[in-house]
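Colleague: If you want the building blocks of each chain, they are given just below.
There are 4 protein chains.
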Amino acid sequence: MSYQPSPADKFSFGLWTVANRGRDPFGEPVRDVLSPVDAVKMLGDIGAWGVNLHDNDLVPIDATASERDKIVKDFKQALGDHKVVVPMATVSLFTDPIFKDGAFTANDPKVRRYAVQKTMGAMDLGAELGAKIFVLWGGREGTETDACRRADEAVKRLREAIDWLCEYSLEKGYGYRFALEAKPNEPRGDIYMATTGNYLGLIPTLAHPEMVGVNPEVAHETMAGLNFMHAVAQAHEAGKLFHIDLNDQNPGRYDQDFRFGAANPRNAFFLVKFLEDVGYDGPRHFDAHAYRSEDYDGVKHFAIGCMRTYLILKEKAARFNADADIQGILSKLGSDKPGAGKFSKSAAQTLVAEQFDRKTIAARGLDYERLDQLTTEILLGVR
Amino acid sequence: MSYQPSPADKFSFGLWTVANRGRDPFGEPVRDVLSPVDAVKMLGDIGAWGVNLHDNDLVPIDATASERDKIVKDFKQALGDHKVVVPMATVSLFTDPIFKDGAFTANDPKVRRYAVQKTMGAMDLGAELGAKIFVLWGGREGTETDACRRADEAVKRLREAIDWLCEYSLEKGYGYRFALEAKPNEPRGDIYMATTGNYLGLIPTLAHPEMVGVNPEVAHETMAGLNFMHAVAQAHEAGKLFHIDLNDQNPGRYDQDFRFGAANPRNAFFLVKFLEDVGYDGPRHFDAHAYRSEDYDGVKHFAIGCMRTYLILKEKAARFNADADIQGILSKLGSDKPGAGKFSKSAAQTLVAEQFDRKTIAARGLDYERLDQLTTEILLGVR
Amino acid sequence: MSYQPSPADKFSFGLWTVANRGRDPFGEPVRDVLSPVDAVKMLGDIGAWGVNLHDNDLVPIDATASERDKIVKDFKQALGDHKVVVPMATVSLFTDPIFKDGAFTANDPKVRRYAVQKTMGAMDLGAELGAKIFVLWGGREGTETDACRRADEAVKRLREAIDWLCEYSLEKGYGYRFALEAKPNEPRGDIYMATTGNYLGLIPTLAHPEMVGVNPEVAHETMAGLNFMHAVAQAHEAGKLFHIDLNDQNPGRYDQDFRFGAANPRNAFFLVKFLEDVGYDGPRHFDAHAYRSEDYDGVKHFAIGCMRTYLILKEKAARFNADADIQGILSKLGSDKPGAGKFSKSAAQTLVAEQFDRKTIAARGLDYERLDQLTTEILLGVR
Amino acid sequence: MSYQPSPADKFSFGLWTVANRGRDPFGEPVRDVLSPVDAVKMLGDIGAWGVNLHDNDLVPIDATASERDKIVKDFKQALGDHKVVVPMATVSLFTDPIFKDGAFTANDPKVRRYAVQKTMGAMDLGAELGAKIFVLWGGREGTETDACRRADEAVKRLREAIDWLCEYSLEKGYGYRFALEAKPNEPRGDIYMATTGNYLGLIPTLAHPEMVGVNPEVAHETMAGLNFMHAVAQAHEAGKLFHIDLNDQNPGRYDQDFRFGAANPRNAFFLVKFLEDVGYDGPRHFDAHAYRSEDYDGVKHFAIGCMRTYLILKEKAARFNADADIQGILSKLGSDKPGAGKFSKSAAQTLVAEQFDRKTIAARGLDYERLDQLTTEILLGVR
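Residue numbers (the working numbering), protein chains in the order written: chain A, 1 to 383; chain B, 1 to 383; chain C, 1 to 383; chain D, 1 to 383.
No wet-lab data here; the hints were simulated from the structure.
Mixed in with the good hints, there may be bad ones.
Chain copies aren't distinguished; within one or between two, either way the pair holds.
Stated by the list, open to error - Here are the simulated lysine to aspartate or glutamate pairs, EDC-like style, with alpha carbons at most 20 Å apart:
no. : residue 1 : residue 2
1   : Lys345    : Glu167
2   : Lys10     : Glu315
3   : Lys314    : Glu377
4   : Lys359    : Asp81
5   : Lys300    : Asp81
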């Protein structure tokens with residue numbers, strides 16, 4: 001197997017990922033600026049399909065209208081030259097100091113208004129570049145002290161902003177689907193809408209729930225030690241998996257954004273298997289960045305590695321599905337047989353009368369250790 | 001202040017809390033059996049309002065019908081004698097070995113059917129005792145290896161069971177409101193529906209979403225290091241806070257179920273403040289248990305401590321709301337002024353044209369350190 | 001490759017691992033009792049080299065002297081029949097309710113005395129069975145409330161007990177080496193000596209530091225989200241790696257004791273690589289247990305899986321060491337060249353005068369992304 | 001109580017704490033530069049006793065010798081003017097890109113040499129300012145991929161550097177005591193010497209163990225969910241508590257460095273109580289920074305809050321010690337009576353013969369729930 005990416009794989013990277021300069025809370029940047037045009041070239045060279053961007057990844061926050069237009073024109077040229085598309089756009093509501101208390105949920109109403117204005121601009125930009133997915137990550141929608149506002153008020157403010165933006169997309173005919181991205185903490189002490197589940201709970205309360213889904217990120221769910229694939233599965237089952245951010249992370253620590261599969265390849269395997277099994281057909285977006293030890297040659301290897309590991313795991317998922325011993329264990333369980341089914345008065349009467357031999361049912365060994373060991377051996381390539 | 005509980009406080013305890021015998025994964029029970037009747041007596045003596053129960057807390061899983069009726073009769077007598085009510089009932093879908101692979105989501109269809117049957121019985125029991133809230137905690141709805149089933153299939157099975165149970169309540173005229181309780185892991189490697197948010201996301205996909213809300217638990221959300229109060233606030237704002245489990249927990253470890261406020265009184269303060277500020281009027285249920293170092297006299301002190309700490313923090317919440325310096329900081333923020341508001345074409349045009357002086361807005365100090373220190377000093381009782 | 005274990009691999013299991021009955025805080029046992037003799041038979045059948053035990057895994061706490069002798073005799077017979085040795089013994093200072101406040105550090109002096117007496121008995125038993133390593137895991141040496149004792153007093157009590165036990169071993173001529181096992185929490189709220197590092201710090205303060213080392217356990221260090229291999233490396237470098245407990249665990253949760261390599265095979269790989277690279281020649285002890293979904297046939301597969309995965313990873317470690325691309329990256333770093341070396345006045349003068357071109361040194365890419373991707377591909381068996 | 005700090009409290013702050021500009025991984029600085037001289041003025045104004053510094057907090061890394069001397073002269077003037085001392089100095093081995101792979105443990109020998117040279121310069125600077133404690137925090141001594149070096153090699157390199165620096169201090173007659181500061185992760189994926197315990201284990205293997213102790217930090221130990229006070233107690237008991245970094249942190253997340261007591265006042269209470277009970281007489285150093293929401297007026301309130309909370313908790317510790325009910329529970333335990341004591345052949349014979357009534361001893365309730373509730377009520381100021 002060559003593990004070469006193709007456009008059908010829909011592999012995308014954020015401008016901010018390959019152009020990440022390696023600054024962290026304790027150290028200065030280690031890499032020079034990589035221009036958006038050069039980033040697109042790099043992505044084209046390595047076979048990526050798409051590039052995503054925050055407004056200010058491309059256009060500086062202080063750019064004039066004409067500067068903006070020049071930048072956008074050059075960028076489009078690069079996209080065409082390198083056969084890279086822009087499937088998704090987003091907005092930075094966290095970098096500028098004005099957002100120090102959040103954006104849509106900030107206590108200062110001017111900040112809330114500015115955040116919406118800025119997002120509209122980012123939507124304009126994304127639409128101009130062809131994006132049909134708009135991600136909203138409320139990077140600073142949170143608190144260090146909950147004395148500062150009532151937490152239900154924050155939910156209301158968030159809803160107000162999202163409802164506005166949906167209307168704006170409709171009014172402009174942009175055709176956006178919004179994908180909400182959760183994160184439990186960092187850079188704020190705690191972030192509202194900590195998990196993908198919280199957003200799945202918010203969406204039905206919006207004015208246009210049909211336009212809004214989620215953008216789960218491996219690192220964000222894993223920071224809280226949660227099983228990321230389970231969250232993805234719930235989102236998919238609800239028809240809300242609009243986008244996905246792939247990277248890697250060890251639980252219980254800062255947002256690491258490692259190369260896909262670099263922290264725990266087993267978790268990555270179950271994720272890829274799920275996405276492939278259900279036929280997820282959205283972008284596979286790598287929201288990761290290279291170690292600070294790397295120069296841009298290393299960044300390139302980092303990006304290639306993300307895609308290779310996905311393809312390697314995809315092949316293993318197919319192997320799992322074709323493995324007779326594994327399928328034997330799974331089919332033996334009879335799990336496809338019906339449970340209680342749909343309620344009716346008579347079905348209930350039948351069920352109440354049913355006798356269960358608890359001890360016998362309980363005593364049955366389920367063979368999950370063998371199942372998991374076989375899975376491990378497929379993962380490790382010895383089967 | 002006396003910090004004496006009254007029925008208006010709606011303090012309740014599970015039978016399984018005060019009767020907890022102190023068994024853990026590494027040690028044998030340290031306390032003898034406390035009968036349900038004696039537990040009710042203890043709760044009445046210390047001024048608790050309610051007692052909750054799993055079916056098998058009261059009626060052994062192997063009891064005959066007549067044994068059951070005798071037990072229930074004696075228990076009702078005790079409730080009357082000690083002026084204790086049963087606001088909530090629930091079902092054990094985790095203790096018996098039959099549930100080793102889960103209950104509603106188990107691979108064995110017989111187990112799924114049995115789980116529904118058993119829950120119907122627990123609903124009958126709860127209704128007989130006057131309960132109007134039925135909690136569902138899927139203690140073992142999860143996995144150690146995700147090779148064993150597709151995670152979206154588990155969501156479907158869960159929905160099927162809850163839909164059935166809603167219909168059963170309607171058919172029987174029980175008037176139940178169901179409260180779904182999330183937990184991220186333990187006793188399973190990972191549990192589906194890991195956070196309160198996940199359940200808020202599931203509910204709108206049910207056949208009877210209006211009958212179903214959540215039962216957030218301090219320890220369960222805190223195990224994943226999440227801000228519990230934020231989850232409670234989202235649930236409340238969505239009209240879904242049907243019940244609440246109060247206890248305490250340090251993040252990132254086993255389910256500790258400590259006395260309310262015992263691990264982090266600051267978090268407990270913000271929680272009590274939220275519940276009181278929004279006028280939450282459901283039960284304050286303590287789902288905790290005493291340290292293993294205690295005899296039943298210690299258990300009593302444990303239960304009294306839960307209620308005292310709640311009342312102490314409630315008083316502090318009132319003090320916070322009445323503190324002129326604190327309210328001065330909060331009102332100075334002007335956060336009650338409108339943000340972008342409701343979208344209209346003209347409102348959007350106005351907003352697009354609005355000028356924001358980013359630097360000036362950003363430079364404003366928000367006084368949150370002082371706000372938080374004042375809060376701390378109220379909490380510590382020196383203000 | 002067959003991945004068949006041989007005695008030279010020194011694979012051992014605790015009696016309590018394969019005989020684990022699957023009880024957990026929320027559920028009853030799922031497997032019947034497996035006798036020590038049958039456990040030894042199972043271990044012999046699957047090719048394990050050794051079996052370890054707590055005193056009460058073999059001899060019930062209430063056994064009479066003659067019952068004990070009969071049990072020991074039968075057990076020795078089984079050891080001989082199945083060619084299984086006892087490399088390590090330990091003591092249960094946590095199961096019986098008497099240890100609810102700890103053992104060596106308990107506040108009740110009678111408990112402290114009993115704990116030492118019981119440990120002496122366990123040492124006698126281990127010596128009789130041929131064990132030369134004695135593990136001390138202070139399962140309950142901790143607190144739920146730090147109000148109960150001064151934490152430095154606990155350190156003193158711990159030292160007193162260990163010093164006594166070293167003397168007892170010397171006096172009896174048992175030739176034991178003690179291996180201290182750390183754990184951060186569970187079943188106590190917090191456990192003193194939370195990490196392997198804490199024990200490495202305690203040992204030099206003992207009366208017989210030369211007799212005492214550590215027994216790091218994957219799950220225990222990983223519960224706190226720490227890099228287990230780093231702790232093992234420090235212990236080894238200090239000559240203190242007397243024993244090791246292999247299993248697997250996801251960070252930030254209850255003690256899972258999963259099959260070796262089942263949670264994160266990448267971490268397991270770096271661990272096996274370290275042990276093999278440094279020529280660790282002690283037991284490879286699997287302190288794990290099968291999922292609760294299993295019968296004893298599943299337990300057997302679980303135990304076989306532990307050993308297979310170790311051997312698979314050992315083969316991969318050799319492949320890593322032989323990989324020319326990997327070794328090329330590593331040798332390019334020049335890391336074997338000397339740093340500052342040993343201090344002398346003249347060496348210091350030389351160093352102070354040395355000029356460093358910070359920018360050039362910093363700009364060099366270290367190729368760690370490629371290095372890690374190559375490692376990943378070896379791990380996944382595609383290289 | 002006024003809770004006003006006095007020099008006897010030995011409250012110190014790092015230059016980097018009050019001058020922290022609020023940059024984080026996702027956002028730009030929110031505060032302008034605060035010069036070292038102005039920082040000293042602020043600290044003097046609010047009653048702090050000391051100021052600590054990394055070399056480059058005061059002297060830019062590219063400063064010429066004459067620039068350096070001018071800066072130092074002005075700084076000394078400010079120290080004198082505002083009656084602030086420099087008890088501790090340290091070195092930045094993490095900010096400059098040259099340290100991207102670590103400093104003392106970096107693979108590039110030039111980096112290792114430069115790190116030692118730079119530390120010698122920082123020691124010169126600290127000595128000139130009167131510091132007698134030198135803290136070493138190996139901010140980047142770690143890995144993202146353990147493929148890059150053997151972890152025991154890192155320990156050896158670390159030892160080599162510390163041994164050199166001890167010799168340098170001796171040769172120069174600086175009289176330094178070195179305090180080693182652990183951290184589990186961030187900014188590196190994993191940091192060697194993850195906990196205070198790891199350093200306590202390293203120290204006895206150094207050439208000059210008597211010169212080297214530890215500098216535990218609340219946030220660093222708490223990130224891993226460990227009980228910080230326990231680590232402090234072990235260090236103190238070993239005579240190795242040379243310095244301490246006070247701040248606050250929620251477990252399992254990025255390094256928050258919150259105002260002392262702001263995350264969990266209960267943990268802060270037990271810490272202050274321990275320090276005061278044992279008569280710790282070193283600096284109480286606040287290694288924290290203000291929220292990003294603050295201007296420099298907010299920073300001032302932040303710093304005042306750190307000191308006030310310490311003094312409030314100190315008062316509560318005295319109240320705990322004077323509380324008759326609490327002391328009654330503690331003395332009832334009889335924990336001051338001897339355990340097994342010192343081993344002798346006859347003492348062992350006596351102990352072996354001793355009879356213990358396990359059930360009776362185990363049945364005794366220890367009253368820890370009441371003890372903890374009383375402690376809570378002291379903490380909350382209602383007792």
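Colleague: None of the hints should be skipped; say for each whether it holds.
Modeller: Going down the list of hints, with the structure as the test:
1. Within a single copy, Lys345 and Glu167 get their C-alpha atoms only as close as 45 Å, which misses the 20 Å cut-off; across copies the closest is 9 Å, which meets it.
2. Taking identical chains as interchangeable, the C-alpha atoms of Lys10 and Glu315 lie at most 20 Å apart only when both belong to the same chain, with a minimum of 16 Å there against 35 Å between chains.
3. Taking the shortest alpha-carbon separations for Lys314 and Glu377, both the intra-copy value of 15 Å and the inter-copy value of 14 Å come in at or below 20 Å.
4. Taking CA atoms no more than 20 Å apart as the test, Lys359 paired with Asp81 passes in neither setting, with 68 Å inside one copy and 34 Å between copies.
5. In this assembly of identical chains, Lys300 and Asp81 lie within 20 Å of each other by CA distance solely inside one copy; the values are 19 Å within and 54 Å between copies.
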